[in-house]
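Trainee: Heads up: the protein sequence lines correspond to chains A and B, in order.
The first sequence lines up with residues 1 to 158 when you count with the working numbering.
The second sequence lines up with residues 1 to 158 when you count with the working numbering.
Please note that a few of the clues may not be correct.
To be verified - Ranges between beta-carbon positions, derived for each pair:
id	chain 1	residue 1	chain 2	residue 2	range
1	A	66	B	114	16 to 24 Å
2	B	110	A	64	17 to 25 Å
3	B	106	A	59	25 to 33 Å
Unchecked claim - List time: in silico SDA-like cross-link candidates among lysine to any residue, alpha-carbon distance up to 25 Å:
id	chain 1	residue 1	chain 2	residue 2
4	A	58	B	76
5	B	76	B	146
6	A	76	B	90
Simulated from the structure, these hints should not be mistaken for laboratory data.
All residues carry an ideal CB built from backbone N, CA and C; glycine is no exception.
Protein chains: 2
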Amino acid sequence: MKLLTKTSISLALSAALIATAGYAASQTASSSNAGVAARHAQMQMVAYNIGMLGAVAKGEVEFDAEMVNSAATNLKMLASMDTASLWLDGTAQGEVDGSRAKAEIWSDRAGFIGKFKQMEDAAAGLVDVASLEDLRAGMGPLGGSCKACHETYRGPKN
Amino acid sequence: MKLLTKTSISLALSAALIATAGYAASQTASSSNAGVAARHAQMQMVAYNIGMLGAVAKGEVEFDAEMVNSAATNLKMLASMDTASLWLDGTAQGEVDGSRAKAEIWSDRAGFIGKFKQMEDAAAGLVDVASLEDLRAGMGPLGGSCKACHETYRGPKN
Numbered sequence: 001m002k003l004l005t006k007t008s009i010s011l012a013l014s015a016a017l018i019a020t021a022g023y024a025a026s027q028t029a030s031s032s033n034a035g036v037a038a039r040h041a042q043m044q045m046v047a048y049n050i051g052m053l054g055a056v057a058k059g060e061v062e063f064d065a066e067m068v069n070s071a072a073t074n075l076k077m078l079a080s081m082d083t084a085s086l087w088l089d090g091t092a093q094g095e096v097d098g099s100r101a102k103a104e105i106w107s108d109r110a111g112f113i114g115k116f117k118q119m120e121d122a123a124a125g126l127v128d129v130a131s132l133e134d135l136r137a138g139m140g141p142l143g144g145s146c147k148a149c150h151e152t153y154r155g156p157k158n
Numbered sequence: 001m002k003l004l005t006k007t008s009i010s011l012a013l014s015a016a017l018i019a020t021a022g023y024a025a026s027q028t029a030s031s032s033n034a035g036v037a038a039r040h041a042q043m044q045m046v047a048y049n050i051g052m053l054g055a056v057a058k059g060e061v062e063f064d065a066e067m068v069n070s071a072a073t074n075l076k077m078l079a080s081m082d083t084a085s086l087w088l089d090g091t092a093q094g095e096v097d098g099s100r101a102k103a104e105i106w107s108d109r110a111g112f113i114g115k116f117k118q119m120e121d122a123a124a125g126l127v128d129v130a131s132l133e134d135l136r137a138g139m140g141p142l143g144g145s146c147k148a149c150h151e152t153y154r155g156p157k158n
């Protein structure tokens, strides 16, 4: 995730606007706030791709270099997206339904963004791995990036 | 979206496996099938970023080149992801809950993949636009790519 350099952007894109800006919430949206629902969607895609890598690492699915490369590349892209507009003020846990975002996301934005970079680097390390052994070695840093972020920036279940 | 070149991948990743492979479905998942929920998540992120571009194009938000570039780059990445594993056999509308995928996705896979390429190209055309006028000009092809795909490959609401 990149760091917004212009304050005007986050100011212009108020949460209220985003909630109605051409975005049709599905019946199963995880929050009435479109930004919160969109960041959950991002995490869902992250979990899906990590699930694929995990299934191979655990031996549940045969190692296939192309599949591993695809999942790792997807993850790298998901981690590198500029999603700053999804984390507007007023969308912490308790401030809007569905959110588990801790206040530390806003008080330590650089640290939070660093966790996405950690995930991006871990995913990059899995792009083009040639063996199951290499995949397994790379799963540690990847899982570590999930854990590091969730422990510091994600609140308890709602 | 890339085209899978190895049949082994889609065979190995059965829908049943994906549904349990380290993937924790949220309470608000749009389908009990993790692949279907993940493709909805992808579309939700697509809709969010298009919503941002649309808000600017409509004049609801002031034009900001950095914000437009970010949303367009996100869209380009979303469209270019290899999501072949999300579209396994047996996940068409009526075959699994929450799906609106028409049979044409499987009978005309090349055409379906071509629509993602159309979205990717339209998004690429919006990366680094320097003016509101250029943004507005590029929204037509982008909206056209949504419409073209939905008309052919998306079924009615469930």
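Trainee: Are the hints correct? Go through all of them and say.
Mentor: Hint-by-hint comparison with the structure:
One distance hint, 16 to 24 Å for the beta-carbon pair residue 66 of chain A and residue 114 of chain B, holds here, with the actual separation near 21 Å. Our hint of 17 to 25 Å for residue 110 of chain B and residue 64 of chain A holds, since their Cβ atoms are close to 22 Å apart. Roughly 29 Å separates the CB atoms of residue 106 of chain B and residue 59 of chain A, a value that falls within the hinted 25 to 33 Å. Taking the CA atoms of residue 58 of chain A and residue 76 of chain B, the gap is about 32 Å. The hint is violated against a cut of 25 Å.
For the hint linking residue 76 of chain B to residue 146 of chain B, the alpha-carbon distance of about 13 Å falls within 25 Å, and the restraint holds. Proximity of residue 76 of chain A to residue 90 of chain B is assessed by CA-CA distance (about 29 Å); at most 25 Å being required, the pair is judged violated.
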